[in-house]
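These protein sequence lines are chains G and W, in that order.
Numbering follows my numbering, with no gaps: position 204 of the first sequence is 204.
Numbering follows my numbering, with no gaps: position 268 of the second sequence is 1268.
Hints were generated in silico from the structure; no laboratory data involved.
One or more hints might be untrue.
Example chain W residues on the side facing chain G (calculated, C-beta under 8 Å, incomplete) [to be verified]: (1) A1003; (2) D1125; (3) E1127; (4) Q1246; (5) M1247; (6) V1248; (7) I1252; (8) R1253; (9) S1255; (10) N1256.
Glycine included, C-beta positions come from ideal geometry on N, C-alpha and C.
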Amino acid sequence: MLETQQLTKKFKDTIAVDDVSLVLRQGESVGLLGPNGAGKSTAIAMISTLMKPSSGDVKLNGKSVLKKPGEMRRVLGVVPQKIALYEELSAYENLKFFGRLYGLSGNKLEQRIDYVLELVGLADRKKELVKNYSGGMQRRVNLAAAMMHEPEVLIMDEPTVGIDPQSRNHLLETIRKLNQDEGMTVLYTSHYMEEVEKLCDRVYIMDHGKVIAEGTKEELKAILSDQETVLIDFDQNYPELFTKLSEIEGVQQATAEEHSLKLIIPKGTRLLAALFHEAERYGAQVVNVNVQTPTLEDVFLRLTGRKLRD
Amino acid sequence: MGAFLIKDIMLLLRDRSELLILLAMPFLLIAILGFSLRGIFSGDLEALEMDIALVSQEDEAQAVASLQSDIEEMGLPPEEKQALKQAAESASPQTMLVSLLEDESLSELVTIERMSRAEAQESLDEETVDAVITLPQGFTEGSLRNMLFGESASGELELLVADLSSPQTDVLKSILNEFVRTVNFEGSISRLSGQQSAAEVSGGIETITARQPITSFQYYTIGMAVMFVLFVGSTIAGQANLEQKQMVFDRIRLSNRPPLLYLSSKAIAAAAIVTVQLTLLFGLSALLFRTFAADSWAFWLGIAIISIVLALSVGCLAALMVAITLRLESDAVPAIFSGGIISLMAFVGGSFMPLDGMPEMLRTIGNWTPNGAALSAYFSWLLEPELGQLTGPLLRIAVVAVIFLLLALAIFPRKGGAA
Ligand SMILES: Nc1ncnc2c1ncn2[C@@H]1O[C@H](COP(=O)(O)OP(=O)(O)OP(=O)(O)O)[C@@H](O)[C@H]1O
Ligand SMILES: [Mg+2]
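Given the sequences, and given the hints that come with them, work out the whole structure.
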């Protein structure tokens, strides 16, 4: 129902979004994954009609929204990356204001406020000023405000940044319910792999403004299907040994982390003999060897040579 | 629209520092200035009373008679001679000065006593009189010749005062100026030095608005009110900046309300806040300091009309500031405005002191500021509650307001589309 075509945004000296084409089908939950500065927020600003693209188009049900953003704005619930609320007003007052902007009033307005507060689990604290809430509670009101006008599509820009695990679980659970029980279409942006793995059917991976991979979780992991991830724990850190091991024939990717080493290798590579041989030479003790199926994190690592976070 | 207004006003009510600036500060200043500067405005009458000694060093009747006989000897037609003699008699400057000083409007302020030169000097030393006006020998004839024949004047008027910087001296100087203008000779009142400071009065024409009967509390209630309403513009533009920074503005855009609704509700919020502000300032000042004696409905109706026009113009000013603030995506405008421009506008608008002595250009600029124009509207209503007097200043406010509004519309980013 929603798509972007060769969406591009150039700022003075950066191309923030470069030729991005996304599709969002009715009822789907789609993840947009990328490290800091990948261009996720910029893409979302253009999709939600808040920013003009340098080129390309955004379409809702086949019609461009660039000239006539009204329908898109009605259909869309946008949860921005920042807390877009009046800090000096209470959650209730904020929701009332945004509800009235959408033409709600009287009983209908009150009911809707009750509903969204219930949804994000803040019904009992609605009278407190937003500035006195914890970060997690502010995030939840941020979502509630986007839900006031019963949107069909929910677009979220890193809605779980900087919040406590409890709020985070609550939020993820809420989004999952909205998507699965109420059939709401969701575009979920994050640089947390686990969240996207848990929530989304399909994933776009962005880096440096470009979509570098897309597909269902399974399809993406299939990129690594002929490979496996081997996690080796040692009794302590052996920098020289780690370097030696990452130079073993066939190793495609190596990441060292304190006492352990993670290697991505083609399936069937005979690694163990070499591993123990080298460990012997350096007097190192192998504590644990674990062969894993790849995660999206590994996919990202493979595609960009970088980790998703930091 | 209602949603915007309620929200803006709720935000203001929760912002204690803004409330302090908008209400507490002007009120405090009214109290301080009102009390401490009591006496410099002639509305505070008792402070301006003065005793004047009038010393005449000539015989006026004889001077007139001698001039009349001179006229008789001129080669003029008899009717003309007759007319000139008549004029010399009735325009005699000494009589005019006395009648000016004893005029109804001044008689409560000024007590005149004729004395000899020596007596006058003594009284001045003992401070039983505040000033001595001396009409020297030849004064009458000189000024009459000047008036009737345009001959250059030889008569000099001397003013000797006890205290050069006292408000009385100011008043007396303007009275004498008035007199000089009436008898129309060129700058020929001059000073005499003594152990007292000497006052020099030139023949220039000075308007004397500040000498109109306005009390210091009236002056500063109005002066501070018209100044501090300007801060509402900064407050509202500051709010808009915050909305933009916190991205609430994006949410508002997403609600797809017409962008101009946002701008106009900002203007109306500003106007509403100004109305409340003026009501509180005038009301409190009237109650606590008995600033306004007039308690007729008609009086307050006039004040209300001026206040509403002023409030609407601040609404337009706020709209302009909001438009610029959103366009620049910075709070520089409200900051600069409240940090300096308001003080400048208040100064040229006459909020701090009367602008009588100021250069003409400054006064013209002041007259075109909303606060300056409103100030003169309030004053003229206070002195003479006549609607016709208000049209000038109110029209100026309206013109400036419309300019603000048009600029605001031109600058306001109309982000209706996907911009
Ligand atoms: N208004 C702007 N002017 C200039 N450059 C910008 C602007 N907005 C974003 N950029 C640049 O565009 C790039 C993409 O930024 P964007 O905020 O879209 O990334 P992101 O994926 O949302 O990152 P994050 O995870 O940190 O939120 C960055 O390099 C950023 O510096
Ligand atoms: Mg972002």
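Now the hints, each set against the structure:
1. The closest approach between the C-beta of A1003(W) and any C-beta of chain G is roughly 4 Å, which is under the 8 Å cut-off, so the hint is satisfied.
2. Checking D1125(W) against chain G: minimum C-beta separation of about 67 Å lies over 8 Å; hint violated.
3. Hint status for E1127(W) relative to chain G: violated, with the closest Cβ pair at about 61 Å, above 8 Å.
4. Evaluation of the Q1246(W) hint against chain G yields a held restraint, the C-beta minimum of about 6 Å falling below 8 Å.
5. Of the supplied interface hints, the one on M1247(W) holds, with its beta-carbon coming within about 4 Å of a beta-carbon of chain G, less than 8 Å.
6. Annotation: V1248(W) was flagged as interfacial toward chain G, and the flag holds, the nearest CB pair being 5 Å apart, inside 8 Å.
7. Taken as an interface hint, I1252(W) checks out: its beta carbon lies about 6 Å from the nearest beta carbon of chain G, inside 8 Å.
8. Satisfaction of the interface hint for R1253(W) is found here, the shortest Cβ-Cβ separation to chain G being roughly 6 Å, below the 8 Å cut-off.
9. This hint holds: S1255(W) has a C-beta 4 Å from the nearest C-beta of chain G, less than the 8 Å allowed.
10. Annotation: N1256(W) was flagged as interfacial toward chain G, and the flag holds, the nearest CB pair being 4 Å apart, inside 8 Å.
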